[in-house]
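*Asks:* Taking the hints into account, I'd like the entire structure generated from these sequences.
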Amino acid sequence: MSRYLARALILTLAGAVLAACSNGTTTSSNQNFSGVTVHVVTFTGPQIAEPLQRRAPDFERLTGAKIQVITVPFSDLYQKVLTDMATKTNSYDAFVFDPQWLGDYVPGGYLEDLSDRVKNDSALQWNDIAPFFRDFSATFKGHVYTIPLDGDFQMVYYRTDLLQKDGLQPPATWDDYISIAQHFQGKDLNGDSKPDFGSCMAMKRSAQSYWMYISIAAAYLQSQGTKQGSFFDTSNMQPIFNNPGAAAALNVYKTLSKLGPPDQLNNDVGDSRGLFVTGRCALSLDWGDIGPLAVDKTQSTVQDKVGAVILPGSKRVLDRSTMQLADCNSTLCPYATNGVNHSPYAAFGGWSGAINRASAAKTKDAAYAFLSYMSQPAQSSVDVTIGKTGFNPYRTTHFTNLKPWLDSGMSEKAAKDYLGAIQASLQSPNMVLDLRIPQTAYYQQTSLDTSLAQFLAGELNVNQTMSQITSQWNQKTDEVGRQSQLDAYKASLSVTK
Amino acid sequence: MEEEDLSKVSGYVSTRGLRLAASTWRPVSARLDRLAGSVFILPAVIVILAFSIFPLLASLYVSLSRLTFSEGGVGLKFVGFDNYSKLLVGIDHVHFLGLAGSPTVLSTAFLAAAYLLMVFLLYRYARGPNVTVGGLAGRVVTAIAAGALLWLVANTVLTSGRPGTLVVTLIYVGVDVTVQYLIALGLALLVVQHLPGRRFFRVVFLLPMMITPVGVAYLFRMLTDTSKGPLYPLWVHFGLTDVSWVTNPWGARLAVMIGDVWQWTPFIFIVLLAAIETLPHELVEAAVVDGASRLQVFLRITFPLILPATSTVVLIRLIEGFKIVDLPNVLTNGGPGTATESMTLHAYTIWRALDIGGSAAVAYMLLIVVTFIGVSYVNLFRRRVTAMT
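Just so you know, the sequences run in chain order A and B. Taking the numbering used here, the leading residue of the first sequence gets 1, the next gets one more, and so forth. Taking the numbering used here, the leading residue of the second sequence gets 1, the next gets one more, and so forth.
Note that these hints are calculated values from the structure, not bench results. What you are looking at is a predicted structure, and each value in this text was computed from that prediction instead of being measured. We treat Cβ as the ideally placed atom computed from N, Cα and C, and that holds for glycine. Treat each hint with caution, since some may be false.
[What the hints assert, rightly or not] Simulated restraints on C-beta separations:
| hint | chain 1 | residue 1 | chain 2 | residue 2 | range |
| --- | --- | --- | --- | --- | --- |
| 1 | A | LYS258 | B | TYR218 | 22 to 32 Å |
| 2 | A | ASN474 | B | GLY138 | 36 to 46 Å |
| 3 | B | GLY229 | A | ASP407 | 32 to 42 Å |
| 4 | A | ASN474 | B | THR68 | 11 to 21 Å |
| 5 | B | TYR218 | A | GLY109 | 31 to 41 Å |
| 6 | B | THR108 | A | ASP175 | 39 to 49 Å |
| 7 | B | GLY75 | A | ASN236 | 25 to 35 Å |
*Replies:* Next comes the structure, spelled out in C-alpha cells:
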C-alpha cells in the first residue's frame with residue numbers, strides 16, 4: 001500500500017514540476033526585458049490607443065520593458081507604416097493596424113512570422129481566439145503574422161424601448177430598416193422635446209462610410225457563401241459593383257442619408273455613436289462598439305434600451321449568371337433565413353498587432369510579449385467590455401463568460417442580445433470577408449470612398465457611381481497585374497472556418 | 001609709379017622681373033576679384049541646389065513614375081506622362097478639371113466680357129509705344145492660358161457642371177485674397193484712427209493668425225455644426241437646426257472660405273497697417289489744407305502710397321492661398337463629394353494610398369498654376385505699381 005502511495009506521490013510531484021516548467025517557459029509576460037523600449041504605432045484613437053497606453057505601465061512593472069505608443073491619424077496609418085518599413089527607417093517595432101493591409105506588408109518581407117511564437121505561447125490561449133480571427137486577421141498564406149486584439153463585425157443597433165412601444169420588430173431586411181427609420185425620423189426619441197433621427201450612420205468622406213455601404217451592398221451581392229466574395233468576380237477579377245444589386249444598395253444608402261441628422265454626410269462613427277448613445281437615433285449601423293458604450297453611465301442615456309441584430313438582408317439578390325436581381329430561392333440563397341439573404345460583413349477584420357522583422361531580437365521578443373499580454377483573456381476579457389477601448393469580442397471566452405459583461409453594467413439580457421448578434425454573424429456560412437489584396441487602401445479608402453461621397457453629394461448618379469468605381473478598380477488591377485491580384489483575392493477567400 | 005614702389009620694397013629683384021610677374025598675375029588677380037562674389041555665394045547656391053532644386057527635379061521624376069513594392073523595398077517604374085494624362089484626359093480628369101455643363105447666359109456673358117477685355121488690353125499694348133516682340137509673345141501666352149482657366153471656371157461654376165479641384169482652388173484663392181484684402185484694409189484704416197482701445201484691438205485682430213490652421217479648422221467645424229456646438233442656441237433661434245452648411249457644396253465651400261478669411265486677414269492687416277503708419281504726414285496735411293475730402297485723401301494719397309506693400313502682400317497671400325489644405329481636410333475631408341477639395345488635398349488623398357507618382361503629378365500641376373499666376377501677376381501688375389510709385 002505504502003509503495004503505491006510513494007509512486008502516486010512521485011507522479012504527482014513530477015506532474016507539478018512539469019506544469020511549473022511549462023508555465024515558466026510559455027508565459028511570455030513573465031520574461032525580463034529591462035532596458036528594452038518598444039515603439040508601438042497605431043491610430044490616434046482614443047479607441048485602440050487607449051488600452052495600449054493604459055496597460056503599458058502594468059506590462060512594464062511585470063517585465064521591465066518600456067512601451068511607447070505612437071499615434072497617427074487613421075487615414076495616414078497605412079502609408080506611414082509602409083513607408084517606414086520600405087525606406088528602412090524602422091522607427092516602429094510593433095504595429096496595431098488593419099489586417100487588410102497584410103497583402104502589402106507581408107510580400108515586402110517587413111513583418112515577423114509569429115507562427116512559432118504563437119505555437120509555443122500557452123498563455124496566449126491561441127485556440128480560444130475564434131477561428132475566423134485566427135485565419136483572417138492573423139494569418140496570411142499559411143503563416144501567422146498578427147495577434148488579434150479586436151473582433152470586427154458590423155451589425156444593426158436599435159432602441160428596444162421605441163420599437164416595443166410602437167409594436168415594431170427589429171429590421172430583417174434593408175427595406176424594414178428604411179421603414180423603421182422613416183417611422184421615427186423627426187420624432188422626439190429622448191424626451192427633450194427636440195426632433196430626433198430615424199437612423200444615424202457614418203457617411204463622412206475619408207472616414208468609415210465605405211464599410212457602411214458594403215454592409216448594405218453585401219446583402220444583394222453575396223448569397224452563395226463566403227467563398228463567392230463581394231468585391232470581384234473570382235474568374236476574371238472584374239469588380240461586381242456595376243449591376244442592379246449594387247444599384248439597389250446605392251439607393252438604400254442614399255435614402256438613409258436623408259433619414260438622419262442634417263449633417264450626416266459630415267459624420268464619422270464618433271459622431272453617430274455619440275448621437276445614438278444620447279438617445280437621438282432609433283437605429284444605427286456600426287461595429288460592436290455601441291454595445292459597451294450604451295452601458296457607459298458617463299455618456300449613455302439609453303442603458304438597457306439597446307438591442308442588436310445581425311445585418312439586415314434582402315429577399316432579392318444578384319444572380320451572378322444573369323447579373324440581374326432575382327428573388328431568393330433555395331438555389332440562389334442557400335443560407336437564407338425565412339427567405340432573407342443575410343451577408344454579415346466582417347468589416348475591417350479587427351485591429352491586430354504585428355512586429356517589425358527588422359527590429360532587434362530582444363525588442364521583438366518584448367513586442368511579442370506585449371501583444372500577447374494584451375490579447376490574453378485576463379486583459380482582453382475586460383477590455384472588450386469597455387466602450388472607449390474600441391476592442392470588440394473575438395475570443396470564445398468573450399462570448400461564454402458573461403461575468404465581465406455583467407460587471408461592466410450590462411444586463412444579462414442585453415449582454416446575450418449583443419453577443420448573440422455577433423455570434424450569429426461569426427457563425428454565418430455567408431459571412432463577407434473584407435478585401436485583402438495588394439493596394440486594398442486604394443480600392444477602398446481612395447476610389448470607393450470618394451465615389452460614394454460624390455454619390456451622396458449628388459455629384460454622380462447611380463450609374464455614374466458604379467461606372468466610376470468599376471473603371472478605377474479595373475485600372476488599378478491592370479496597373480498592379482490582373483492575374484496576381486486575382487490570385488491574391490482568391491487566396492484571401494479560401495479561409496477555413 | 002607701380003614699378004618704382006616695387007623696386008623700393010625689394011631691392012634685389014630686377015625691375016624687369018617684377019614687371020613680368022605683375023603682368024602675369026594681374027589677369028589672375030583681376031579674375032579672382034571678379035569671381036570673389038560668386039565664390040562667396042557658392043555655398044548658399046550649393047545648399048539651395050541640394051535642398052530645393054534637387055528635390056524639385058527628383059519629384060519631377062517621381063511624377064513620371066509609379067511606386068512598386070518588391071521584397072524588402074520599393075522601386076520606381078518609369079511610366080512617362082501616364083500620371084499627367086490621368087489628370088488631364090484620363091480617369092481622374094473630372095476630379096481634377098471638373099465637369100463642364102451646357103453654356104448658360106451667365107457663363108457666355110462672363111466669358112465674352114473677359115475675352116473682350118483681354119483682346120482690348122493686348123491691342124492697347126500692341127499699339128502702344130513700349131511694345132516689344134518678347135513682351136507681346138509673353139502677353140499672348142498669358143492671355144491664352146488665362147483664357148483657358150477662365151473657360152474652365154465659367155463652364156464648371158456658372159453652368160450645371162461642377163468644378164474640379166483646380167477650379168475650387170482658384171475660387172478659394174480669388175475670393176479669399178480679395179475679401180481678406182478688403183477687410184484688412186478697412187481694419188488698418190480704422191486702427192490708425194485715434195479711437196479708444198485701438199491698441200487692444202490691434203492685438204486682438206492679430207490673434208487668428210497665431211492659431212494653428214488645424215485648430216482653426218476644428219473651431220469652424222464646431223461653429224458650423226447646427227445640431228450641437230457653441231452656436232446651437234443661435235441655430236435654434238433662427239430655426240436652422242435642420243439645415244447643414246457642410247452637406248451643401250457651396251455652403252461647405254463658404255465655410256472653408258470664412259475660416260481662411262478669418263485666419264489670414266490679420267496677416268494682410270499687419271502689413272497694411274505698417275505701410276499706412278509710415279506714410280508721410282505732410283502729404284495728407286497738405287491735401288487737407290487744399291480742401292481734399294477724406295475719400296480724396298484715401299484715393300489720391302493713401303492708396304497709391306500703400307500700393308507697393310499691397311502688391312507684395314497680395315503676391316504672398318496668392319502663393320500661400322494655393323496651398324490651402326488644413327481647413328478643407330479637417331472641416332469636411334474634402335466633402336461633400338469632392339466639393340471642397342483643393343489641389344493640395346487632392347495630392348494628399350492620392351498620396352495616402354501611396355500612389356506617390358500620381359500625387360507628385362498633382363503637385364506639379366499646382367506648381368505650374370502657381371508659377372503662371374505668380375509670374376503673370378509680377379509682370380502685369382507689380383512692376384507697373386513699382387514703376388508708378
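*Asks:* Work down the list of hints and note, for each, if the structure agrees.
*Replies:* Okay, the hints, checked on the actual structure:
no., hint, verdict
1, LYS258/A <-> TYR218/B: 22 to 32 Å, "holds (27 Å)"
2, ASN474/A <-> GLY138/B: 36 to 46 Å, "holds (44 Å)"
3, GLY229/B <-> ASP407/A: 32 to 42 Å, "holds (35 Å)"
4, ASN474/A <-> THR68/B: 11 to 21 Å, "holds (19 Å)"
5, TYR218/B <-> GLY109/A: 31 to 41 Å, "holds (40 Å)"
6, THR108/B <-> ASP175/A: 39 to 49 Å, "holds (47 Å)"
7, GLY75/B <-> ASN236/A: 25 to 35 Å, "holds (28 Å)"
Comparing the model with each numbered hint stated earlier shows that all of them hold.
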